[in-house]
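Based on the sequences and whatever the hints tell you, model everything.
Taken in order, the sequence shown gives residues -19 to -1, 1 to 260; the numbers are from mature numbering (1 follows the signal peptide of the UniProt record, and there is no 0).
Misleading hints may appear alongside valid ones.
Once the Cα atoms are required to be at most 30 Å apart in a straight line, the calculated DSS-like pairs of lysine-lysine come out as [stated by the list, open to error]:
| no. | residue 1 | residue 2 |
| --- | --- | --- |
| 1 | K250 | K188 |
| 2 | K188 | K256 |
| 3 | K259 | K228 |
| 4 | K228 | K252 |
| 5 | K72 | K188 |
| 6 | K197 | K256 |
| 7 | K197 | K259 |
| 8 | K250 | K228 |
| 9 | K228 | K188 |
Derived by calculation from the structure, the hints in this document are not laboratory data.
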Amino acid sequence: MIKNYFFIALLFLGANLNAQTTLTQSENPNLVDDSGNACWNPGGLNPNTYNDNSFYRAYNLSDFSITGSFQITSVQFGQGSADTGKEITLKIHTANTDDLTNAVLTEQASTTHICNASNNLQVVSVPLSVSIPSNSTIVFEVFAPDSGTNTGELFFIGTNSAGQNDDSYISFSECAGWTDPTIVSDQYVMNVLGDEVLGIDDFKAFKLSITPNPTKDIININLDNSNTINHMNLYNITGRLIYRSVKSNSIDLSQLNSGVYLLEINTEKGKTTRKVIKN
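Listed below in C-alpha cells is the structure:
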C-alpha cells in the first residue's frame, strides 16, 4: 500500500497560540458512517453475546515528520455501534514495526471507557496521557472484552469509506481464531492526539545569545551580522506552541507565567531551540 501520511495541526488563535498534532491513518478522521466487523454470537445457544475483540492502528512517528518524543494527550475512536454500559479498554503500545502481523507490542499506557449508545456513528475522545520516545512506532488498541453469557454488551468499531493511508487490524480468540493482529478491509477511525516535545540542540554553526535570560519581560536575540531571524516559535516545556514572532529579534514575555520555555529560532543559516527562563 502507498502510504500518504498526514498530521493535522489544529491552531487556536487568541491570547495564546496552541498547536496539537493528530496522528491518523484516515483520509477523513472525523467521519463515522458504518460499523466494522467483530467476533460475536448473533444467534444460537447464547444469542447477542460478545467475544473478545481488539482493534488496532499503527503510526510510525518518522512518517509524520515527528523527530522528537511525542506526548500523547488523548485518543479518539469511531463508535460504530455500542450498547450503553459496555466497558472497553483503550491501550497505547510501542512496536518494533508498523506491520502488526509481525510486531512485538509493548504496552505503555491504558484507560477504560464506558460506552453510551448515544455516541453511535460518532468520534469519541478520551483523555490518555503518556510520553512516547522519538523514532517510535505507536500502536493504538481498542479492546472490547468478552461478555460471557450476558447480552447487551456489544461493541463495533466505527469505520468510513473515505480512504486510509495504512492498514486496519483486528484480533480475537474465538471465531476464526485470529489471536495475532490480522489485516482487515474495514477502515477504522482511530486517532492519537498529542504534541511533539522539542529537544535543545547545540547550534554551533554561528554565534547566538539571548539576553537577559532569565528575564521578567523582554528578551533580545543577538546574532552575528551575517545572519538574520526569519521567525521564532515559543513553546512551553511540554512542547506546546504559545507564541510566534516574525522578523523580530525580541519577544515580550511579561504576560506569561513564570517558568521554563523553549524558544525555537529560525534564521537564514538554520534553526536551534534554546531554553528561556521567565521570572
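Quick rundown of the hints versus the structure:
no. : hint           : verdict
1   : K250 with K188 : holds (11 Å)
2   : K188 with K256 : holds (16 Å)
3   : K259 with K228 : holds (22 Å)
4   : K228 with K252 : holds (14 Å)
5   : K72 with K188  : violated (45 Å)
6   : K197 with K256 : holds (15 Å)
7   : K197 with K259 : holds (6 Å)
8   : K250 with K228 : holds (14 Å)
9   : K228 with K188 : holds (18 Å)
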